[in-house]
Amino acid sequence: MPVAEITPDMIETYQTEGVVLIRGLWSDWVDELRAGVERNMAEPGPYAAENLKPGEGGRFFDDYCNWQRIPEFARVIRESDVARVAAQLMQSSRVQMFHDHVLVKEPGTSKPTPWHQDGPYYFVEGQQTVSFWSPLDPVREASLRCVAGSHRWEKEVLPTRWLAETNFYPDSDRYMPVPDPDAEGMLVREWQMEPGDAVAFNYRTLHGARGNLAGSRRRAFSLRLLGDDARYVERPGRTSPPYPGHDMQPGQVLREDWFPFLI
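Residues are numbered in the numbering used here as their position in the sequence shown, beginning at 1, plus a constant of 18.
Treat the hints with care, since some could be wrong.
[Claimed, not checked] Just the calculated beta-carbon pair ranges, DEER-fashion:
1. Asp200 with Lys173: 16 to 26 Å
2. Glu68 with Trp276: 21 to 31 Å
3. Arg102 with Arg170: 20 to 30 Å
4. Asp200 with Arg158: 16 to 26 Å
What the hints contain is simulated information worked out from the structure, not anything from laboratory work.
This structure is a prediction, so every number in the text was calculated from the model and none was measured.
Just so it is clear, CB atoms sit at the ideal spot from N, CA and C, and this is done for glycine as well.
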């Protein structure tokens, strides 16, 4: 399999902006990932969600934490070049699995993915984190959008529930309100993408996605990985994903039997 070439400039961009585009990361794995998404949608997991209110057009499906029961996802995670790429971008000697995520916007889904940072939803913190977002269909309209440099903000953004539009945690004082990057003139990175291209971004990078007004569906596969300094942290409420019964304590490396090291 061809490997994605990660240059020093790409690593520097990732470190300074918190986001970088990687062309062709999974170009040889697109059919495998599409098959996994179809299996996932036919056999949803316990966290599967439909993210549209009554009367909103289209369909916005998402689900996560399924890689251990969907063999297509497991093969891509273990056999593709993604762990090596993650290690280079994070500047980490080890790469640990966190979770997978599928997001599907069917044609006519005008609802955007709300602006958010992934980190505040999670029970893990660290500078060495990376999420890969890869479309499995050509992306022109329904693109991922990331705010450059937002991973270095002093305060994290308040996590919210996408459908209910309510605060995720009762203690919201520790978080900043969700900003409006377009209105506030922030530097937003977004790209037209081909199947198998990937955007890599830090867990603390503010991001969202446009609605899908195209005549074709927009399937996306995301993979969240961890580096050397990632540690378990307690949040002021139930995290997403929750992983009930994990029995971890603050400051610990995530338990390896649930979150295996890929490198």
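Status of the hints after comparison with the structure:
1. Asp200 with Lys173: 16 to 26 Å: Cβ of Asp200 to Cβ of Lys173: about 20 Å, so the range 16 to 26 Å holds.
2. Glu68 with Trp276: 21 to 31 Å: Given about 27 Å between the Cβ atoms, the range holds.
3. Arg102 with Arg170: 20 to 30 Å: holds (25 Å)
4. Asp200 with Arg158: 16 to 26 Å: holds (19 Å)
This entry satisfies every hint, going by the numbered hints stated previously.
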